[in-house]
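A.B. asks: Sequence:
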Amino acid sequence: MEVYFLSKKLGPEPSEQDFDLQVFQVALAKSKKPIKSHLLDQTLVAGLGNIYVDEVLWRAQVHPARPSQTLTAEEATAIYDQTIAVLGQAVEKGGSTIRTYTNAFGEDGTMQDFHQVYDKAGQECVRCGTIIEKIQLGGRGTHFCPQCQRRN
Numbered sequence: 001m002e003v004y005f006l007s008k009k010l011g012p013e014p015s016e017q018d019f020d021l022q023v024f025q026v027a028l029a030k031s032k033k034p035i036k037s038h039l040l041d042q043t044l045v046a047g048l049g050n051i052y053v054d055e056v057l058w059r060a061q062v063h064p065a066r067p068s069q070t071l072t073a074e075e076a077t078a079i080y081d082q083t084i085a086v087l088g089q090a091v092e093k094g095g096s097t098i099r100t101y102t103n104a105f106g107e108d109g110t111m112q113d114f115h116q117v118y119d120k121a122g123q124e125c126v127r128c129g130t131i132i133e134k135i136q137l138g139g140r141g142t143h144f145c146p147q148c149q150r151r152n
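Per our numbering, residue 1 is the first one in the sequence shown, and the count goes up by one each step.
Derived by calculation from the structure, the hints in this document are not laboratory data.
All residues carry an ideal CB built from backbone N, CA and C; glycine is no exception.
Mixed in with the good hints there might be a few duds.
Derived DSBU-like pairs (lysine-lysine); straight-line CA-CA distance at most 30 angstroms [to be verified]: (1) K120 - K9; (2) K30 - K9; (3) K32 - K134; (4) K33 - K120; (5) K9 - K32; (6) K134 - K30; (7) K120 - K32; (8) K134 - K120; (9) K9 - K33.
Simulated DEER-style distance windows between Cβ atoms [said to hold, decoys possible]: (10) Q123 - R150: 13 to 23 angstroms; (11) G122 - A73: 33 to 43 angstroms; (12) R150 - Q17: 25 to 35 angstroms.
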């Protein structure tokens with residue numbers, strides 16, 4: 001499997017044994033890209049898609065448009081920790097069934113029942129009560145809480 005990831009130039013799997021915090025922090029510090037766009041880059045970490053990046057950033061309380069290089073070590077660590085947690089939970093719940101997704105057995109995933117921001121625009125943030133917003137960032141719909149995930 002490792003040869004496959006190397007041949008595709010994919011980043012590490014988001015697990016504690018494969019995903020190195022220091023390597024992740026260095027990569028973020030070198031990039032001017034918005035953190036959401038950077039996390040969607042599969043060479044940084046494999047497996048993060050649009051839905052889970054929104055959820056990771058909400059849990060880490062980081063605005064999706066923040067340039068990666070402006071993140072503090074604490075924020076980068078929170079993103080690292082939440083990447084592992086969110087994707088671990090997604091695997092446990094069989095993924096997110098949005099529209100037509102099913103697993104190999106034709107079963108719906110249940111992770112969508114645990115989303116806090118994705119597809120929640122116009123609803124109250126469960127953490128602070130502020131209305132969740134949706135913007136376009138890098139051509140992707142991006143959901144976030146403007147109170148919990150301030151840009152500064």
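A.B. asks: A separate judgement is required for each hint: does it hold in the structure or not?
C.D. replies: Evaluated hints:
1. Between the alpha carbons of K120 and K9 the distance comes to roughly 33 angstroms, so the proposed pair goes past 30 angstroms and is violated.
2. Simply put, K30 and K9 have alpha-carbon atoms about 18 angstroms apart, close enough for the 30 angstroms limit, and the pair holds.
3. The suggested pairing of K32 with K134 holds, with an alpha-carbon distance near 22 angstroms, which does not exceed 30 angstroms.
4. Note on K33 and K120: the hinted pairing holds, with a Cα-Cα distance of about 25 angstroms set against a maximum of 30 angstroms.
5. A C-alpha spacing of about 21 angstroms is found between K9 and K32, which places the hinted pair at or below 30 angstroms, so the restraint holds.
6. As the CA atoms of K134 and K30 are separated by approximately 27 angstroms, the hinted pair is consistent with the 30 angstroms bound.
7. Restraint check for K120 and K32: satisfied, since their Cα atoms lie roughly 28 angstroms apart, inside the 30 angstroms limit.
8. Among the hinted pairs, K134 with K120 is consistent with the structure: their alpha-carbon atoms are about 8 angstroms apart, no more than 30 angstroms.
9. Using a Cα cut-off of 30 angstroms, the hinted pair K9 and K33 holds, with the two alpha carbons roughly 19 angstroms apart.
10. For the hinted restraint 13 to 23 angstroms between Q123 and R150, the CB-CB distance of approximately 19 angstroms keeps it satisfied.
11. Against the hinted window of 33 to 43 angstroms, the Cβ-Cβ separation of G122 and A73 comes to about 34 angstroms, which satisfies the hint.
12. For the pair R150 and Q17, the supplied restraint of 25 to 35 angstroms holds, since their beta-carbon distance comes to about 33 angstroms.
In this structure, only the earlier hint numbered 1 is contradicted, and the remaining ones agree with it.
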